[in-house]
Structures are given as C-alpha cells and as structure tokens.
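K.L.:
With these hints in hand, go ahead and build the complete structure from the sequences.
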Amino acid sequence: MTVTADPFAGTDLGLAELPDGMTGFGVAEVGFLLSLHRDEVTAEASRRFVGLDERLVTDELLLLAGASSLTARGLLTVDERAVQARSAAALLEVALGRTVRWTRVALLGEDDTMANVVFFLQTPEVCAIVEPSVTATWWTGFGQAGDDPGALLDALARTRLDQGDAAVIVDVREPDGARRNLLVGREGQGALVATADVGPGGEGGTRVDLEGPDALAEVLRSMVPAVTA
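In case it helps, full-length UniProt numbering puts the sequence shown at residues 1 to 229.
Simulated from the structure, these hints should not be mistaken for laboratory data. Heads up, some of the hints might be wrong.
[As the list claims (entries may be wrong)] Pairwise CB distance ranges, derived in the manner of DEER restraints: (1) 162 to 6: 30 to 38 Å; (2) 186 to 79: 51 to 59 Å; (3) 86 to 145: 13 to 21 Å; (4) 90 to 148: 37 to 45 Å; (5) 81 to 163: 46 to 54 Å; (6) 6 to 38: 35 to 43 Å.
Cβ atoms here follow ideal geometry from the backbone N, Cα and C, with glycine treated the same way.
P.N.:
Dropping the structure here:
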C-alpha cells in the first residue's frame, strides 16, 4: 500500500501553506511543554509574561491533549523512564523553561488598539521568537543564543511599520523584575521616532535620538543584548 503525505495534494483541500522557517504549536502543546518545568520560578514567569492560562499547565485533560498531539507529530517520546521533547519542541521547552530575558513586541493599529503581539525569549542555549495567532497557534522560530537581537527586533519593527501599524512597543523584562520599554513610530516624511520608558497609554517617556540608519538597532541592542552561556 502506498501512503501519500497529503491525499488532497493539488486540490482545494490540500495542506495549508505554513509560514517559512516557522514551526506551529497548538496552545495545549505549549502548555504541556511548559508543565515539564511547572515547579520552576522561571517557567512560571514565562507563563505569566506570555499570558498562558494556568489551567494549560495543571489540568490533566488539557495536558493529555498536548502530550497526545506532540507524540502524534513525533515531537515527544514517552517511556517508563522519561518524557522527552524532541526537535523543535525541545527548543521551545528550553526557551520557556530557562528564560533569562523576556521581550514583548506589541504592534498597534491606527486607533491605538493592539493588532497582535510577538514574544522574544532568550536563554543561554537558544532564543525563540513566538507569534500567537487567533486560533491559539504559536508560530515559532529559533536562533542561536548569541544571535543579534537588535538586528532582529529592528527588522521586525520596520516591517510592521511599513505594513501600516501605527507604532511598535518593545517591552523588556529581566529576571529581577526590572522592566524597560521603547515606543517606535514614524512622523513627518516617514522618519523613525522613538520614546523610552513610556507610561500607560503611551504617555510621558524620554525621546531617543535615532540619527543614522543603524540607530534603532543600536538602541534595541542596548535594551536586549545577546545572551551568552
């Protein structure tokens, strides 16, 4: 018997196109991976920062759903000795359970409503960029811990602004609870402008000089430096 990967290939019911370079995780899968570190302070901080419902890491039925889905996709092995995440799931488990810096990039529309949110999670082993979708699917990409966060966040901010978002807010949290943020937008003829440490509703803050093509990347690099082991 010949088994095809997609029996509907070439028809309207064929597999949907997925984002290039991104791996999708259902929210129950994310909850299960996070539950592997549920008693660790860092994992709880990750759960709160990304806004994951606590039931996803404690409810037995939801945990079973997540584990079942990961196993069916070859991303989890279970035997009498251990539960082991594999491949991209192992990377996401590390990114959630061993985070040393959390960054939230909030994208705002013209009426100041939040269009969507992207999370950037850093550990000594790996960094992950996560974009939750309306179906509670997490589209996730991974990089090396030493990759340049400033360049990545600069490209993300510019791309979103070019697509019509009114502003981008970069909110950074350190393990000791310290927080800082940067509001980035455009004015006049499209020049980038930035304000640091803005308050609720975008009020207050300190204007940041963005002279030069690499200025925004440098500011973001100082806020979100690469993590080394």
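K.L.:
Compare the structure with the hints numbered earlier in the document and write down the numbers of the violated ones, lowest to highest.
P.N.:
Hint 4 alone not satisfied by this model.
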